[in-house]
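Asks: Below are the chains, spelled out letter by letter.
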Amino acid sequence: MSESYTKPLPVRDELNRPFWDRARAGRLALQACRHCDHVHFPPSPVCPRCLSDDQTWRDASGGGTLESWVDVHRAYWPGFVAELPYRVCLVRLDEGVLLVSNLVGDSTHASLGARLRVVFEHATAEIDLPKFRLA
Amino acid sequence: MLETASLRNRAAVVGVATTRYGSFPDTDEYGLAAKAFRGALEDSGLNRDNIDGLVVCRIPSYARMGEVLGLDPRWSLTLPPHGRMSGIGLIEAVLAIATGQATTVALLYANIGRSRRVNYGGDEMPSVWDPWGFTSPGMAHALMFRRHMELYGTTTRQLAEVSVAIRHHACLNPDAVMKKPITIEEHENSRPIALPLRLLDYCLINDGAVCLILTSRERAADCRKRPILVSGFGARDAFVQSSFPNFDFDFWHGALREAGEAAYAMAGVERSDVDTLMAYDNFSPTVLFSLEGLGFCGRGESGAFVEGGTLGLGGALPTNTDGGHLSNSYMQGWALNVEAVRQLRGECGARQVRDCEVVQYVQATPCTRSIIYTRA
Chain D
2 MSESYTKPLP VRDELNRPFW DRARAGRLAL QACRHCDHVH FPPSPVCPRC
52 LSDDQTWRDA SGGGTLESWV DVHRAYWPGF VAELPYRVCL VRLDEGVLLV
102 SNLVGDSTHA SLGARLRVVF EHATAEIDLP KFRLA
Chain V
4 MLETASLRNR AAVVGVATTR YGSFPDTDEY GLAAKAFRGA LEDSGLNRDN
54 IDGLVVCRIP SYARMGEVLG LDPRWSLTLP PHGRMSGIGL IEAVLAIATG
104 QATTVALLYA NIGRSRRVNY GGDEMPSVWD PWGFTSPGMA HALMFRRHME
154 LYGTTTRQLA EVSVAIRHHA CLNPDAVMKK PITIEEHENS RPIALPLRLL
204 DYCLINDGAV CLILTSRERA ADCRKRPILV SGFGARDAFV QSSFPNFDFD
254 FWHGALREAG EAAYAMAGVE RSDVDTLMAY DNFSPTVLFS LEGLGFCGRG
304 ESGAFVEGGT LGLGGALPTN TDGGHLSNSY MQGWALNVEA VRQLRGECGA
354 RQVRDCEVVQ YVQATPCTRS IIYTRA
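Respectively, the protein sequence lines represent chains D and V.
When the letters of the first sequence are read in order and numbered with our numbering, they come out as residues 2 to 136.
When the letters of the second sequence are read in order and numbered with our numbering, they come out as residues 4 to 379.
What the hints contain is simulated information worked out from the structure, not anything from laboratory work.
Just so it is clear, the structure is predicted and the values come from calculations on it, not from any experiment.
One or more of the hints may lead you astray.
Said to hold, decoys possible - Footprint (simulated), chain V over chain D, 3 or more residues, beta carbon under 8 Å:
#, segment
1, 9 to 15
2, 34 to 40
3, 64 to 71
4, 91 to 103
Said to hold, decoys possible - Over 12 Å on every C-beta distance to chain V, these chain D residues come out as not near it, computed from the model:
#, residue
5, A26
6, D55
7, R88
8, A136
Unchecked claim - Here are some, though not all, of the chain V residues that point toward chain D, as calculated from beta-carbon distances under 10 Å:
#, residue
9, D126
10, S130
11, S139
12, G141
13, R194
14, A197
15, R201
Heads up, the beta-carbon is just placed ideally off N, CA and C, and yes, glycines get one too.
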């Protein structure tokens, strides 16, 4: 599969590695502060709320609400051409964190505040991408 | 400490110039900026030796720029190429003049995005969201406008009013890139890029350069043309959700309100005194967000507010009278500030706003700024 995958892949680093490791296991994880309990994404070298170094990762529920969406008709990478138009969404996870992802499956009846559920799409041997469906 | 109110009318714009706009593969930022610099000097009646402050934006090397122009400034500032630096640069120039760091500042901006085929998306501007195909400022603005539609019932036909009014202004501007009038229907049927946004909601990409020269109010009196005063300004950044580039969950509403109120208070003017608005229009929704944030209409009411030609010449609030980024030139706010000056001087010909005394510039961006200009 990885040979045929032509869309951009995440740039993994020390900070975000736990996110992608857990995604491979079908888990949506968020960085959480041990000091003040703040949950955030993308991961940050210190907690953006209390500036503590003492951070860990915590599984999210996988549920969220739809805050907005866009139907993309132009491909900025050749790998997206076959999928045009594709739907990008802005999700508010139940933990309060905002994520950009794709809305997959039937989303004809998308509306602000619609309930969403995470699904994982296999991209390569190392990467599974979290995407969302209307719940 | 220097009080903000004491900065009112301390500095004035005394020279402005814009180059031709288009695709100029045979020159570069230095060549374009040098043309604009010569033009602004000529406009001001000053000579090169009067310039002891230099601001450069979207120009690769400040040092090379100084070499090309033969300048060893006493004070200089380099701004990144992002489209939100004009307000920052102008305010910094006023502060440099007010604190004696420089007496006369030239601000230079050049863009060669057209001839170098800049895309504003994809691998040019990598982000954490690339795997999901979320890239380019246009997509971020589409995400905001979809929210606005859902929250307030705003329609794309209302959004079209922004593009149509601004295109009409471009048709009256001999320098503008786009000079063919458009209708709401043409907007509605233009090529979809990132729905709900279409081609006619997107700014142009073109080459060109801009120069403004600022000096103290006292020195300005000796310049060639009527000085245009920087009467007020205000600022607020929105950085805490920068992982969503060019996006603000709240349409920069709070930042706009704060920057606008600071600018009005400093200038000693009311919102209702504003004769024409120069609103950063990288994408048409930004104009709607600016109108709401500055309080020209209520929250969620910008769609109805712009219906029926409000933003056109002769309307209640003529906006982007040069044709803006949507139809004049993508000079990232710099040319809109030049237009503010030209309106106040009465140099705008067919697009002149009658009895123009107060002009407001605003950039609804992660670095929100607003500037009020008045006539000396």
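Asks: Is the listed coverage of the segment 91 to 103 of chain D by chain V valid when you require three or more residues with a beta carbon under 8 Å from a beta carbon of that chain?
Replies: The restraint on the segment 91 to 103 of chain D holds, since 5 of its residues have a Cβ under 8 Å from chain V and three suffice.
Asks: Can you verify the interface hint for R201(V): is its Cβ closer than 10 Å to any Cβ in chain D?
Replies: Hint holds; R201(V) Cβ to chain D Cβ min 9 Å, cut 10 Å.
Asks: For the hint on R194(V), does the least C-beta distance to chain D fall short of 10 Å?
Replies: 8 Å, holds
Asks: Going by Cβ atoms, does A26(D) stay more than 12 Å from chain V at every point?
Replies: 18 Å, holds
Asks: Closer than 8 Å Cβ to Cβ for three or more residues is the test here. Does the segment 64 to 71 of chain D pass it with chain V?
Replies: It holds, with 4 qualifying residues against the three required.
Asks: Should the hint that S130(V) touches chain D count as held when the rule is a Cβ pair under 10 Å?
Replies: 9 Å, holds
Asks: Any CB of chain D closer than 10 Å to the CB of D126(V)?
Replies: Holds, because the Cβ-Cβ distance from D126(V) to chain D comes to roughly 7 Å (cut-off 10 Å).
Asks: Hey, does the A197(V) contact hint survive, CB to chain D under 10 Å?
Replies: 5 Å, holds
Asks: Does D55(D) really sit off the interface, with its C-beta more than 12 Å from all C-beta atoms of chain V?
Replies: 20 Å, holds
Asks: For the hint on S139(V), does the least C-beta distance to chain D fall short of 10 Å?
Replies: 6 Å, holds
Asks: R88(D): least C-beta distance to chain V exceeds 12 Å?
Replies: Violated, since 9 Å does not exceed 12 Å.
Asks: Please check whether G141(V) passes as an interface residue: C-beta within 10 Å of a C-beta belonging to chain D.
Replies: 9 Å, holds
Comparing the model with each earlier hint shows violations of hints 2, 7; every other hint is respected.
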